Amino acid sequence: MRLLRELLEFPVDFDEAATGQQAIEKVSGGGAYHMVLLDISMPGRSGLDVLKQIRQLNPELPVLMLSMYSDEQYAVRALRAGAAGYLNKASASEEFKSAIEKVLSGAKYVSPLQGNLLAEAISEAIDPAMLHKLLSDREYQFACMLTQGKTMTEIARELSLSVKTVSTYRARVLEKLKLRTNAEVINYCLTHGIVM
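Count the sequence shown with this note's numbering and you get residues 2 to 197, in order.
Simulated from the structure, these hints should not be mistaken for laboratory data.
Note that this is a predicted model, so its numbers are computed, not measured.
Careful, some of the hints might be misleading.
[What the hints assert, rightly or not] Simulated crosslink set (SDA-like; lysine to any residue; CA at most 20 Å straight-line):
id	residue 1	residue 2
1	K98	K53
2	K165	N188
3	K98	E121
4	K177	N188
5	K98	Y34
[To be verified] So the derived label-pair ranges between C-beta atoms look like this:
id	residue 1	residue 2	range
6	F15	G194	29 to 39 Å
7	G32	K134	34 to 44 Å
8	D16	R181	43 to 53 Å
9	Q22	T182	27 to 37 Å
10	D16	S94	20 to 30 Å
11	V164	N188	19 to 29 Å
12	E17	E185	14 to 24 Å
13	E121	E176	19 to 29 Å
14	L132	T169	36 to 46 Å
15	L175	E17	17 to 27 Å
Ideal placement from N, C-alpha and C gives every residue a C-beta, glycine not left out.
Modelling step: build the complete structure from the supplied sequences, incorporating the hints.
Shown next as structure tokens:
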């Protein structure tokens, strides 16, 4: 937060949340926030899930997603889910400043790489090596958790779903990726750098 204060050329007040649930509670508590900086990997809930809930609570509140993961894996998903922008934590400080100022002005922030990714995402052809782009956010999350070595029961518990519902996500992932086993899903994810 100190770094952000130094970067921005105007006075800024910050409020912090350690978990996704805390972020949701702060936003729903009626605080006068101008913007949310949200980590895609928060304890307890996926940053994309938290983003969607914040958008339901306050559709006018811009959310800039932060991540240590590559733009290729999450930028388009975050923007589709309603983020005002997506920024890799490894970005230069000037890019942080530019992104924050742009989002605070009411615009969307998209880096040149993200612009290319968005253009590819709306193109008609899906490269067979990129079948994971067909997965819904929840299916993608399931595949990531499976790749982390979590069991169906653990995944169900973490997502607050029944094992039967998680099994349905598994079946959809297998179908969309044209695979047959969990081991093949894990191998696919590792090969394509899909991790959370």
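Right, here's what the structure says about each hint:
1. Simply put, K98 and K53 have alpha-carbon atoms about 24 Å apart, too far for the 20 Å limit, and the pair is violated.
2. The hinted pair formed by K165 and N188 fails the criterion: a straight-line CA distance of about 23 Å is larger than 20 Å.
3. The straight-line distance between the Cα atoms of K98 and E121 is roughly 27 Å, outside the 20 Å bound, and the hint therefore fails.
4. For a cut-off of 20 Å, the pair hint linking K177 to N188 stands: about 15 Å separates their Cα positions.
5. Distance check on the hinted pair: K98 and Y34 sit about 18 Å apart at the alpha-carbon level, within 20 Å; holds.
6. A C-beta distance of roughly 32 Å is found between F15 and G194, which places it inside the suggested range of 29 to 39 Å.
7. With their beta carbons about 36 Å apart, G32 and K134 fall inside the hinted range of 34 to 44 Å.
8. Taking the beta carbon of each, D16 and R181 are about 47 Å apart, inside 43 to 53 Å as hinted.
9. Separation of Q22 from T182 is about 34 Å and conforms to the stated range, judged on CB atoms against 27 to 37 Å.
10. Between D16 and S94 the Cβ separation comes to about 22 Å, which falls inside the hinted range of 20 to 30 Å.
11. One distance hint, 19 to 29 Å for the beta-carbon pair V164 and N188, holds here, with the actual separation near 23 Å.
12. A beta carbon spacing of about 41 Å between E17 and E185 contradicts the range 14 to 24 Å that was offered as a hint.
13. Distance hint check for E121 and E176: the Cβ-Cβ separation is about 23 Å, which falls inside the suggested range of 19 to 29 Å.
14. Under the hint 36 to 46 Å, the C-beta atoms of L132 and T169, about 18 Å apart, miss the expected range.
15. The hint said 17 to 27 Å for the Cβ distance between L175 and E17, and at roughly 40 Å that hint is violated.
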